[in-house]
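Below are the chains, spelled out letter by letter.
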Amino acid sequence: MPSRGVGGAVARPASVAVTGAVPRLPAWSALGWFCRRKPLGAVGGALMLVVALGAVFAGSLAAYDPIETDAAHTLEPPGARHWLGSDHLGRDVYSRIVYGARVSLVVGLLSTVLGSVVGGLIGLLSGYFGGKADLLAQRVLDILQGLPLLVLALVMSATLGPSLPNVIVAISVPIVPRAARVIRASVLTIRESQYVEAARALGGGHGRLAFRHILPNTLGPFIVLATAQLGGAVLVEAALSFLGLGVPEPLPSWGRMLSVSAAEYAQKAPWLVLFPGIAISLLVFGSNLLGDALRDLLDPKLRGH
Amino acid sequence: MRRYVASRLGVAVLTLFGMSVVIFVLLRLAPGNIVDILFATGGYVNEAEKRLIMTELGLDRPIWAQYLRWIADVVSGDLGKSYRYDLPAWQLVKPLIPVTVELALISTAIAALLGIPTGVISAVRQDSALDHALRIFSLAGLSMPSFWLGMVIILALVAWIGWIPPVTYVSPAANLPLHLVQFLLPGLAVGYRSSALIMRLTRSALLEVLREDYIRTARAKGQSGPAVIWRHALANAILPVVTVVGIEFAFLIGGLVVTETVFNLPGVARFLVQAILWRDYPVVQNLVMFIAIVVILTNLGVDLLYAWLDPRIRYAK
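Going line by line, the protein sequences match chains R and Z. Residue numbers for the first sequence follow our numbering, so the first one is 47 and each next one is one higher. Residue numbers for the second sequence follow our numbering, so the first one is -7 and each next one is one higher.
Calculated from the structure, these hints are not laboratory results. Check before you lean on any hint, since a few could be wrong.
As the list claims (entries may be wrong) - Chain Z regions said to be covered by chain R (calculated; three or more residues, Cβ under 8 Å):
| # | region |
| --- | --- |
| 1 | 222 to 231 |
| 2 | 251 to 264 |
| 3 | 279 to 291 |
To be verified - Over 10 Å on every C-beta distance to chain Z, these chain R residues come out as not near it, computed from the model:
| # | residue |
| --- | --- |
| 4 | 111 |
| 5 | 205 |
| 6 | 237 |
| 7 | 241 |
| 8 | 246 |
| 9 | 327 |
Beta carbons: idealized from backbone N, C-alpha and C, even for Gly.
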């Protein structure tokens, strides 16, 4: 569908408008184009930006020290002293949510990047070389994918022990097979394209072909995949922390804020359950909205749906 | 068809074998062995006793021998002994299976009943306000932790009608309506999430089919809109949806971990979490293997069903 020009700053050739491909524009006007074309995706991006800003500026945004207890003001409802109430130890829920954004974002982003990069490399190599290695890689990935994500992460974080890096590794492992599948599929089509053949005819070696000519063209599916997995990673972190197998104390994590202790006080202090859950849902909702919009724009198979 | 079944069975067995290796290795990544952990929780160390237990557990033998013994045990139906309860693991797990299966069935049914119709409506009314609203509704389902949604449902029930769901498990024999309500609430929370996946898939599968020539032919022959959608389009679009419903069911068996904990339902998944927290590794190892077997068998069943429904698949290779 034809889209309107962005402030008339850049004239786009008609063919681009017809195919709906992402036009080459300066960063700011590309952003404007994205906001018009995919308003919901832009809302998602904005939600994630808010959480990211909260995480970066947690120090100045928080009203209290997130781990400081206050025996005189426990389970206080939301009000002037504690905007979102206080928990059973008198800790400020708002400040803990602001600091918790750090944990959720760091764990979510790093585990997604780790899983996608490792899986992407496996997918690139097995798709590029094909043959027996490819077959073996596919079977191994089948095995990893056969287990429910949460069970795998649960067992891994339990055996590795609860610590920030271990949780990140545990959540990244189930992402590996998904990433490998997606990248392999797109490598298989790119491998056969004429420009790759031309590069090969010019004497390009395997490394050059795979990394210089094929890899950059898998960037679209890669971004789509990573955005789609981010929400899932945040949810798994929340579940692991809820069960006490995630990020250890004293780091405030949204999942652990919902944990059994909060559940015990849920009737008396529903804000302990409501606010951390809303924070998780908004972050994941944002990344899902953005992921959907990016997929619509970057995945040619889905264009027009 | 027979050849297709044989090849799928072969792949399933290979996957099971690989999965057993993965699980076995994963659990041996843990720092220290089971005996160390047992003794650490016991609070004292007696070298002679420690060696005795190691021999009893076969931990003094090489790792491949340990693996073979485990496989032999699992194949013969022996799921090992729980250290926490000093009972055979199977005896502990067996009564939990119906709870988890029932919850997974209810959740999957809710997901399909909610997901397929909304997906069809969304596809038929593509890009309408209704389509956008339904897509946002389903995306919201994908974004909320289902265990949190469960907690909120309980809170809302308490706040609005002052009714507190039972804290302990109610057997169907004791009080059937209460039992159903007890399962329906977590089923709703989990089913909403799964319905989002099903809705999105139904929508995109149906959109693809609706662009096919035979749909245009049916329309040209004067078939009414609803007849084209329900008889011609959905019959073909439903195949991938059936697959996803099956896979969702299998994944729920293990994915109900937190929900069972929140709702205090004595299922397999909750027991797995407890076993992990107690470091009851023999139980963990066997439970994860059990979940893997269920997942693989369900996937196999779905594959075969799919091939039976759609002849193109079994002749493809």
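Here's how the hints hold up against the structure:
1. 222 to 231: It is violated: at least three residues are needed, and the region 222 to 231 of chain Z offers just 0 whose Cβ sits closer than 8 Å to chain R.
2. 251 to 264: holds (count 3)
3. 279 to 291: Coverage by chain R holds here, the residue count being 6 at a Cβ distance below 8 Å.
4. 111: holds, 26 Å
5. 205: Answer for residue 205/R: violated, closest chain Z Cβ roughly 4 Å.
6. 237: holds, 21 Å
7. 241: holds, 29 Å
8. 246: holds, 29 Å
9. 327: It is violated; residue 327/R is separated from chain Z by about 5 Å at its closest Cβ, not greater than 10 Å.
Hint check: violations occur at hints 1, 5, 9; the rest are consistent with the structure.
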